[in-house]
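Q: Dock chain R against chain W, hints included.
So you can see what is in the structure, the chains are spelled out below.
2 protein chains.
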Amino acid sequence: MARTASSLWRTLKAYQIYGANTDVGKTVMSTILCKAFERSDPAQNVWYLKPVSTGPLSEADDRHISRFTSQIKSHCLFQFDEPVSPHIAARTRPPLSDSEILDGVLKHLTECSQAGPGVALVETAGGVHSPTPSGSSQADLYRPLRLPICLVTDHRLGGISASISAFESLHVRGYDLDAVLQFQDDHYQNYSYLRSYFEKKGIPTVSIPQPPKRELNEEEDIEVMTEYYDKMAKNEGIGELLSELSKRHQTRIQRLEEMASRAYSQIWYPFTQHRDVSEDTILTIDSASGDFFQATDSTVTKDKNELALLSPTFDGSASWWTQGLGHGNPELSLAAAYAAGRYGHVMFAGTIHEPALTLAEKLLKNLKNPRLGKVFYSDNGSTGMEVATKMALTASLERYKWDVPKSDVGILGLKGSYHGDTIGAMDCSEPSTYNEKVHWYQGRGYWFDFPQVKMKDGSWVVEPPAGMEDIFGETHVYPSLGDVFDIKSRYDSVAGQKYRKYIEETLHRLVKKEGKTFGGLIMEPVILGAAGMLFADPLFQHCLVQVVRQSSHIFGPSDVNSADINTWTGLPVIFDEVFTGLYRLGRFSSASFLQVHPDISVHAKLLTGGLVPLCTTLASDSIYDAFIGSEKRDALLHGHSYTAHAVGCHVANTSLNTLLEMDRSGQWQVYKEDWADAAAAPSSSSSAPSTASSETGLEVWSSWSKSFIQQISKSRDVESVFALGSVLAINLHDNERAGYNSSAAAGLQKKLLEAPTELKFHSRGLGNVFYLMASQTSTRETLQSIERLLLDVLS
Amino acid sequence: MARTASSLWRTLKAYQIYGANTDVGKTVMSTILCKAFERSDPAQNVWYLKPVSTGPLSEADDRHISRFTSQIKSHCLFQFDEPVSPHIAARTRPPLSDSEILDGVLKHLTECSQAGPGVALVETAGGVHSPTPSGSSQADLYRPLRLPICLVTDHRLGGISASISAFESLHVRGYDLDAVLQFQDDHYQNYSYLRSYFEKKGIPTVSIPQPPKRELNEEEDIEVMTEYYDKMAKNEGIGELLSELSKRHQTRIQRLEEMASRAYSQIWYPFTQHRDVSEDTILTIDSASGDFFQATDSTVTKDKNELALLSPTFDGSASWWTQGLGHGNPELSLAAAYAAGRYGHVMFAGTIHEPALTLAEKLLKNLKNPRLGKVFYSDNGSTGMEVATKMALTASLERYKWDVPKSDVGILGLKGSYHGDTIGAMDCSEPSTYNEKVHWYQGRGYWFDFPQVKMKDGSWVVEPPAGMEDIFGETHVYPSLGDVFDIKSRYDSVAGQKYRKYIEETLHRLVKKEGKTFGGLIMEPVILGAAGMLFADPLFQHCLVQVVRQSSHIFGPSDVNSADINTWTGLPVIFDEVFTGLYRLGRFSSASFLQVHPDISVHAKLLTGGLVPLCTTLASDSIYDAFIGSEKRDALLHGHSYTAHAVGCHVANTSLNTLLEMDRSGQWQVYKEDWADAAAAPSSSSSAPSTASSETGLEVWSSWSKSFIQQISKSRDVESVFALGSVLAINLHDNERAGYNSSAAAGLQKKLLEAPTELKFHSRGLGNVFYLMASQTSTRETLQSIERLLLDVLS
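Line order of the protein sequences matches chains W and R.
Just so we're on the same page, this note's numbering is the position in the first sequence counted from 1, plus 43.
Just so we're on the same page, this note's numbering is the position in the second sequence counted from 1, plus 43.
Derived from the structure by calculation, the hints contain no laboratory data.
One thing to keep in mind: the hints can contain errors.
One copy or any two copies: either way a pair holds, since identical chains are not told apart in the list.
[Stated by the list, open to error] Below, simulated DSS-like cross-link-like pairs (lysine-lysine); rule was C-alpha separation at most 25 Å, straight line:
id, residue 1, residue 2
1, Lys405, Lys290
2, Lys559, Lys345
3, Lys408, Lys244
4, Lys675, Lys480
5, Lys290, Lys794
6, Lys449, Lys559
7, Lys556, Lys458
8, Lys480, Lys449
9, Lys405, Lys480
10, Lys480, Lys274
11, Lys794, Lys444
12, Lys555, Lys345
13, Lys803, Lys345
14, Lys244, Lys405
15, Lys480, Lys541
Isolated chain W (complex conformation) (with noise of 0.2 Å):
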């Protein structure tokens, strides 16, 4: 979806009219909304706007307007002469695009708001989910503009059925209806029971008498209807209704306006250090489509009447890292709604139903893990690594039997790791900003430096970490991406025995010689996200697996018999892929990138598209052995009220049978095509297929271009980049201060704020990085035009 603002000024109010069927008076409504708009404040304009008519042009209802008010502009942006559906009367013309239509609306209603004071009534065609000439609906269509609605019921027979119908698909695509406006028909009584139905929901309705009947003599019947026009236009419900809309329209921009205050006095934020934050710095959110937030510019004063309150903002943290399938995506709504109209949320233990179900089994069977058996389900990723750390320490205790305290058993892992934030997910990390100051927390376990892969001045490199050449090997250049992830060829090189080697000594050193005891590994496949969107070699991580299933010796006195390969050996293996996997990377496992199987795999975030909470733990049958036993208390003793809730687990199949679909039908040919030479060049040791193979959904590529990464690694500001799937990491210089205390990241996104462009951003950083992260929707359009941007702030 297009960058659109969503409407909003301080003197013009508009509305958009919607009919809950065709014929049910939408635009005698508006006629008479017009008038009494006018009547009621004569200095204000009243605008009149029919974005798409059909029908022969003199009975168009621009024209109506035009014909009972004098001072009303009408307006009609795209005509067809047809009285059909506009998605069939659009097919004589070129193609109509939804944006066209959208861009159009908007440009009239900005051209409005500065025109001084005024009204604008932007009347829809047919009923809610008429088809648009693209075959779209209205309904859909409009939505970024999120214009609030005066509804016109329907007064005649079945019409209450239809006006809740239509209200209804309204309301679950976001939309506020500021007023229910009606024609009496005394006999079926619609606009009784629909008022009543409506003033429940604290929606105004307002109840008219019909129109009289239309006269066969032209002259006769604009007569009548003058004189009807004229007695409306007066009518005291109107009146009343005219009222309540612009207290409506007031208390809206009242409440834009407080809201941040109010929230910096209420609201305890997330990771805030609040001395930092100011009412000014939070930003108020008034909805959301796409890629991009609603929200209030500061920019936007009091005495600036004419400029919109609402600017389309760039969610450049894709909401946390969640955002795939856009904002407001209608799909996903009526997805939620349906688990909880079906089930609300039905308790977990001993029951099966069935979003839990098929979720368990899609993942089980897209992941590809032969290893993989049983699904666990939790609510967030910080819950489910604890639910996976459970797994691992309780299986490898079972197995090796250690005679040592259960807390001295600790977790392997790699430097700059985090895997959440409740306190035994962090116990699974090193000391850090993080949680150095949180009470309880101790951090248990060994944590491997790594290299790391980094695009610097136009080349992919492998890079050591700094003063490690010796155990890690020199920076080595690639000739592209697909080379880096070519882990047959690059296994026994140099590098890759330096890595297997330090990794052996390292563990014999911590195990044989210090004494120290390992329950698991566990890693972030690819990018450690809050480390700072670390690029590990992926050579490293293979051999780091390889290496510890390969050390049985080294862990337990005994190790298993069993024939099954899918049985872990060494230690019980976590991927903890809640950032990175299900197409953040660019593929449904991030674990294929690095060629192994994990024995337990971690996925949230992107899990839902990014609509509601949820996490699934999937481990192997030789983990979930380990529970079975005689007590209760062998059991894994977790769960969490809404564990497996029917929204999230619905709202998980809709959204990844959409992304495997996307991958399916080639939706992403085009950045894939950008990236082609990404994958392997021809394996130079090795005869085997390449790992970085072109078989669709285990492709290399980024939503943000090649091209563009290449040209900003040579800017002066930027230490390295890189981009993978929809990821974008900006490893910027900074001279005085490292890592997350750095303000290096925050000077940039104080540059991009403060640049001449209409493209406004919201944006997280980490330190010294700036990173951005698009939606798997997301347009090309939109990114060309960000990178567009960063390219010349940074210099």
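A: The following block gives chain R in isolation, referenced to the frame of chain W:
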């Protein structure tokens, strides 16, 4: 919502015919389907039911069916002469309730199912939301049956929109469409657009020619219609649809029958020793409405074709204590969809959106706790309690600046308390079955014994722990439950004095003699849930808070010098209201029972009315201020990806508004009156107003009846019992094993399953404690039938 079977039989296929609007040809389409079904298999019965019909008898739809078919058994339950909406037509008759209609349809279908193989069509009136005789919506009335739907689209101008909106209204109520039936209109071509629309959703469609125009001459009319029907009954598309319907019916049953075994092999259940689970013990939930799951019934085997495959099964644990407003509540579905449509999830660091701000303000206002000033969001009770614990520990360390390792600072609590399954929340509880085998768990603190409130043999008693009469006093009998809650009157009693002495001495010993350090007091007010529904003496909890607050001299070297009475003293007090709050015990705040205000208050479960995970941790400003500092690391560095997700917050607002309105409007009056004398007797030792006042919202009451509680407390099997709010807990005698390891509750569950009754249960036992939890919308009728059954089963 009453207990009503979801309707699914092996040999009877039942469908509900809905129209996208009135007058779209539902009856014509039904006639065609009836004839086609008859033709496809002359051996099967074909039934047609019109539950509610309006308009002249001679034109009634069931008559139409009879006229054009010979073998079809057509029937109408309720006939109104006036051709208007049923809610208007019904005005002339005695009120006709929704449940009468629903029961009538179910009775009819049950009879059909017993007559051998067949098909039954149930035709609705008007559009999907057309009002029923009682004025409710038809789509809501029939929802408990959740028959598969055949939707007749609207083929007229505007019909695309009407058809899609009608579908959406059904979809958000959790209905499944098995077929979309269309009349072709080649001018508007709705059928073509809609075919593609519905096929994308996997719903089969069929399009057939429209019936001939009605002839004026009745005989001619019958003749042309007969010809039309004969032709349509042989229509190829209709034939294919019938096969598809049969296939779907078989597939649905097959899937239901295999789900338990698939789940058994793929799902790792929470809190479950899988050795004790088998395919046969897993309940397959097809849907849920009100208090009832619609679940498979293990007593129905394949040879019993005439029995319904799904049984309404009482959700006895209120879905792990979350359920409040009934499963499948359309208001909550629409709320979820609205927020999803308006926002999706929008990230919550440094931003604000309306649902999150409104919820924060609503909680702050309605908890009526002047200490609370800030709201922190997380995902579930366990994460919310970790947040609370981090808050308390940091605040107390900031104040007292103890020179001890952070990990040595513990908490004070009650024996048996439980606060969640993540490691940090586990550490707040003493060792127990739940946590003793969990790696990294370390109980950090001290947990007090406490006296319990019980009804024993017809009397309310406060009973000390066994053998601790010298510390807590002898068992004391109270005339009513209200007297137990009369803290003011009881404060100076011998028990009150003993409690305070015991607490003071214990604190002195722990801190001054044993050198322990404590950073907070954590309690579940009134009832300790996971411990086995222990009802703590509210006076003891009151005194514990009071003594801790007066003991600054014990806990630290310095104390606060604030004039603000809302500043914490002694230790920060955390109330875990996750289970007990938000009307679970009959009041918005369960702290109100104790007459003390916590410094930190945690709310989840009922917060969203039983739909999706969400948790709030509220804190006082004096807690919050401890996290303000010059460094990011001074902040509370906690936050989950979906923090304050808009769907959860908006659903919570809708739920809380509903609960508050039920309270305000006296929805629970019948229960409150039953328990009226539970309000305290006039206070004897104090002239201050009684604690258990009759002020609205502060009563002591239960939705379980008082006489039932008294009666069952005298049962031989029962050690004691209590009810408060929607909670009923029965402590069963078990001479062999006590507590969590007892199987007494399991024994009662078995008896309930085997009882000769149609009332089916899903319940969770806690060792020797059998509990049931109603929702806040449970009807008296439902609960009374459960009470009768329990009285029958217990001896």
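Q: How do Lys559 and Lys345 come out at 25 Å by Cα distance, when the copy is not named: within, between, both, or neither?
A: neither (64 Å within a copy, 58 Å between copies)
Q: Evaluate Lys794 and Lys444 at a C-alpha cut-off of 25 Å and name the case that applies: within, between, both or neither.
A: Neither: 57 Å inside a copy, 41 Å across copies.
Q: Using 25 Å as the alpha-carbon threshold, which applies to Lys244 and Lys405: within, between, both, or neither?
A: Cα proximity of Lys244 and Lys405: across copies only (18 Å, versus 39 Å in one copy).
Q: Go through the copies and call it for Lys556 and Lys458: within, between, both or neither, with a Cα cutoff of 25 Å.
A: So Lys556 and Lys458 pass the 25 Å test inside one copy only (21 Å; across, 42 Å).
Q: Within a copy, between copies, both or neither: which one fits Lys480 and Lys449 at a CA-CA cutoff of 25 Å?
A: For Lys480 and Lys449, both the intra-copy (24 Å) and inter-copy (9 Å) Cα distances are at most 25 Å.
Q: Taking 25 Å as the upper bound on the Cα-Cα distance, should Lys555 and Lys345 be classified as within, between, both, or neither?
A: Cα proximity of Lys555 and Lys345: none, with 70 Å in one copy and 61 Å across.
Q: Evaluate Lys480 and Lys541 at a C-alpha cut-off of 25 Å and name the case that applies: within, between, both or neither.
A: This pair counts as neither: shortest intra-copy Cα distance 36 Å, inter-copy 39 Å.
Q: My question is about Lys290 and Lys794: at a cut-off of 25 Å on alpha-carbon distance, are they close within one copy, between copies, both, or neither?
A: neither (38 Å within a copy, 62 Å between copies)
Q: Checking an output row: Lys405 and Lys290, CA cutoff 25 Å. Within, between, both or neither?
A: The answer is between: 23 Å across copies meets 25 Å, while 50 Å in one copy does not.
Q: Is it within a copy, between copies, both, or neither that the alpha carbon of Lys408 lies no farther than 25 Å from that of Lys244?
A: Between copies only: 22 Å across, 44 Å inside.
Q: One pair to classify: Lys405 and Lys480, alpha carbons no more than 25 Å apart. Within, between, both, or neither?
A: Neither. Shortest intra-copy (40 Å) and inter-copy (32 Å) distances fail the 25 Å Cα cut-off.
Q: Please sort Lys803 with Lys345 into within, between, both or neither, judging by C-alpha distance up to 25 Å.
A: within (20 Å within a copy, 63 Å between copies)
Violated hints, listed in ascending order, are 2, 5, 9, 10, 11, 12, 15; each of the other numbered hints is respected by the structure.
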